[in-house]
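Chemist: Protein sequences appear in the order of chains A and B.
Taking the working numbering, I'd label the letters of the first sequence as residues 1 to 148.
Taking the working numbering, I'd label the letters of the second sequence as residues 1001 to 1143.
Treat the hints with care, since some could be wrong.
[Unchecked claim] The calculated lysine to any residue pairs, modelled on SDA-like cross-linking and capped at a C-alpha distance of 20 Å, are:
| id | chain 1 | residue 1 | chain 2 | residue 2 |
| --- | --- | --- | --- | --- |
| 1 | B | Lys1019 | A | Val73 |
| 2 | B | Lys1020 | A | Lys45 |
| 3 | B | Lys1099 | A | Thr79 |
| 4 | B | Lys1019 | A | Gln68 |
| 5 | A | Lys106 | B | Lys1117 |
| 6 | A | Lys101 | A | His32 |
| 7 | B | Lys1019 | B | Glu1091 |
| 8 | A | Lys106 | B | Lys1020 |
| 9 | B | Lys1020 | A | Thr105 |
| 10 | A | Lys6 | A | Glu37 |
| 11 | A | Lys101 | B | Met1062 |
| 12 | A | Lys106 | B | Lys1039 |
| 13 | B | Lys1028 | B | Ile1080 |
| 14 | A | Lys106 | B | Thr1048 |
| 15 | B | Lys1095 | A | Gly48 |
| 16 | A | Lys101 | B | Ser1090 |
| 17 | A | Lys45 | B | Met1062 |
| 18 | B | Lys1019 | A | Arg22 |
| 19 | B | Lys1072 | B | Gln1104 |
| 20 | B | Lys1020 | A | Lys101 |
| 21 | B | Lys1107 | A | Thr79 |
| 22 | B | Lys1117 | B | Arg1094 |
| 23 | A | Lys6 | A | Asp109 |
| 24 | B | Lys1103 | B | Pro1081 |
| 25 | B | Lys1039 | A | Ser111 |
| 26 | B | Lys1099 | B | Glu1066 |
| 27 | A | Lys45 | B | Gly1089 |
| 28 | B | Lys1095 | A | Asp109 |
| 29 | A | Lys45 | B | Lys1019 |
| 30 | B | Lys1107 | B | Val1076 |
| 31 | B | Lys1020 | B | Tyr1120 |
| 32 | B | Lys1028 | B | Thr1048 |
| 33 | B | Lys1107 | A | Glu21 |
| 34 | B | Lys1020 | B | Cys1032 |
| 35 | B | Lys1107 | A | Leu71 |
[Said to hold, decoys possible] Covered by chain A, according to a simulated footprint, are these stretches of chain B (three or more residues, beta-carbon under 8 Å):
| id | stretch |
| --- | --- |
| 36 | 1007 to 1017 |
| 37 | 1075 to 1089 |
| 38 | 1106 to 1117 |
Worth flagging that the hints you see were computed from the coordinates, not collected in a lab.
Computed from a predicted model, the values in this text were never measured in an experiment.
Where a beta carbon is used, it is the ideal one built from N, C-alpha and C, also for glycine.
What follows is the residue order along each chain.
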Amino acid sequence: MMGHMKEMNETLRAAIFDVFERMYYVFLEPFHDECSEYDVGSSIKFDGALHGELMILVSEELAKTMVQNLLGVESEEVTEQDIEDCVKEAANMICGDFLSKLDQTKVFDLSIPVFIRRPRGFREGNKACSVSFDAESGVFGAVLSLSE
Amino acid sequence: MSFNVLIVDDSHSMRSVIKKIIAISGFKMDQCYEAGNGKQALEILSKTWVDVILSDLNMPEMNGMELLSALKGDNVLQEIPVIIVSTEGSEERRKLVLKMGAKQFIKKPFSPEHVRKILYEVIGVGDDGTYEGNERDVESGDF
């Protein structure tokens, strides 16, 4: 079981690195303490060989950087709608990439991502793993929860 | 030769990124239409002709699979090449969308270079094996 959790954690990290480097040109550094300075987030549910939910948590400044780098716009041009759209799409890409890295032979159905303003950060419960990262412009976290 | 393109994705930012990649890839784009789901895409297609469709799979109201089915069931629209651009990466799903009529599958996250390569494969190569547009290399820094 512990080995399985470790694999999930490493796979989730790999998916996050891939999405951030390829789509947002942001390089993340692992951050070992759980952080609560998140301003926005998005959650997405998945169904298939595994059932669960992935929630991503982002500080406002990092979310702005993601939009700027993705769309090639200046900071003052970034709108609230851009941030919501970008964070939801990041959750979608990270979840899809994580699941295909975990097992490419299995089909998973993903829900439409939901945007969360002022997320409560990491919560206990049925969480399988959580990861935190630091970037030049802010912090990022992700929580994976599995259900029966 | 210039192309009419339809980008179908519920994410406005993703539609913008794909549009930018096409524009800087040297393809002569005439019109670029955008739709937030399959239903909106069909409304656009009822009024205008496009040369290629790039569509997401996971969308509200009418998803990419449903859009593919609708296109396949139409004698005229089934001729339009469709490239699926999705986060879903399973081999089974990929085979299914190709069987349903999609020409290619691009997995998100993607590199601009990969999108350009697939576009060339699907629409960009002329009879003599070259593309007539103003081709130039696409690097990440172009964004």
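Chemist: Mind listing which of the numbered hints don't hold for this structure, in increasing order?
Modeler: 2, 3, 5, 6, 7, 8, 9, 10, 11, 12, 14, 20, 21, 23, 29 and 30
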